[in-house]
Amino acid sequence: MSVTESGSALDPEALAWQEQVPGGAHWSGVLRRGTTLRITDQQGGANVSTLFFNQEEKLERYNMADTLKAQHTAYLTKGYVCYSDMGRVMCSVTDDSCGWHDTICGVSNARMVTEKYGEARYQEHRNQYHRNGFDSLVNELGKYGLGRRDVMPTANFFSKVTVDESGAMVFQPGNSEAGDYVELRFEMNTLVVLTTCQHPLDPDPQYRPRDILLSAWHSGPAGADDLCRNRCPENQRGFHNTEVMFR
Amino acid sequence: MTQTLVTSSLDPEAAAFSEVVPAGEPWMKVVKQGQVFRILDLEGNQAVDTLFYNANDYEERYSANDTIRAQGNIYLTAGTQLLSNEGNAMLTIVADTCGRHDTLGGACSAESNTVRYALDKRHMHSCRDSFLLALAEWDNGMTKRDLSSNINFFMNVPVTPQGELTFADGISAAGRYVEMRAEMDVLVLISNCPQLNNPCNAYNPTPVQLLIWDAQ
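Heads up: the protein sequence lines correspond to chains A and B, in order.
For what it's worth, numbering that gives the first Met the number 0 labels the leading residue of the first sequence as 0, then goes sequentially.
For what it's worth, numbering that gives the first Met the number 0 labels the leading residue of the second sequence as 0, then goes sequentially.
Careful, some of the hints might be misleading.
Claimed, not checked - Simulated pairs of lysine-lysine, DSS-like, Cα-Cα distance not exceeding 30 angstroms:
no., chain 1, residue 1, chain 2, residue 2
1, B, 120, A, 57
2, B, 143, A, 57
3, B, 28, B, 143
To be verified - Some chain B residues close to chain A (C-beta under 8 angstroms, calculated; not the full set):
no., residue
4, 58
5, 67
6, 71
7, 73
8, 108
9, 118
10, 143
11, 160
12, 164
Claimed, not checked - Partial pick of chain B residues on the chain A-facing surface, computed with a CB cut under 8 angstroms:
no., residue
13, 68
14, 74
15, 86
16, 148
17, 162
These aren't lab readings, by the way, just hints derived from the structure by calculation.
Every value quoted in this text rests on a predicted model; they were computed, and no experiment measured them.
The C-beta atom is built at its ideal place from N, Cα and C for all residues, glycine as well.
Just chain A, with the same shape it has in the complex (with noise of 0.2 angstroms):
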């Protein structure tokens, strides 16, 4: 059994590390080039706020808009790419069991999670207090040198937001189930930064946020006849310029 086989159970033999991330944390880590990771919904309804940044230079970073402009699209699912500001894929969606991941709703800060759910600090409720999308991050990128300067518009893995004919923004709820995951493959050496706290959208009146697990295997970087890079001709010159830096 492979774990790089569409929906295969994973193979613990062949998994690099696991970890699980509880609701409202956040987390960052080392992905090298040829690395998968498959983030798993373990509860339902999760949502994983996420930037990337170059490894070894962090002021190439996930680029919203390219990413969206090179491939068509404002959401994320299996064939998609995520793009750096320099013009590169950072990494490939090679599997997705949910279909649909925002890109366009960014994070939550502190003043919109206290007026949505009240105000819960650390004080009196330990770790049950209420954290926020932008505050996470800010925590993470602390610890890179970087900081509010680098929060940049972030891909919600699991949540889905649609939007009308008129411009409208539309949270669709119950778009991720108990056990859907995502999975990327790296195809750079990339910094993950990332927060399990809810969507800013999230009609869910209760401060909720759902743990995920993270699995990483060896699968190597894309091949010549990849999904994701013959998506559209913008993506293998996306590929081409990721390579050329590994040649």
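Fit chain B to the known structure of chain A by using the hints.
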């Protein structure tokens, strides 16, 4: 497509500041709280790529995500409050004779042009090159790190209900303008788009006029 067109009663002759910015050039200036800032599309279908910063704390800056989320709509027009990454109102669009402005499409760069058009397009002039030059000349510590989400005034970039991002023909025309009141002191960084690959302006970048009126 419904549009809310709102004209302005301000007299260009009474403006405290007026400057024509040629196609392809950057522009950077502080607009003070209460002042009204107008971008005038002189010849039509320009794309005016614009970033805003809190002039007293540039780590607070315009956020496309916060802005579209707060108003529940991806298009900017009269009545839209332009919000910062901290959720504060930076400017309010008070007049708009174009009707729709994009904030998802971002700014062109040498590198993204290799992806979108062809590898050999890298050496053409681009917005993000203009931004970098303006930041270097501004010389207050701002760098590429400060290039975040921007507004493309006069650009039409629809998202379909199926999630496709499309580039539609421009809906601006000669003489149309957008006008906004500064709710805080804002540092404005513009690249008057020199894009020569995008058919939206018929491959013909043109000048814009920028006007500022003092608080009434």
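Index of numbered hints that the structure contradicts, given in increasing order: none
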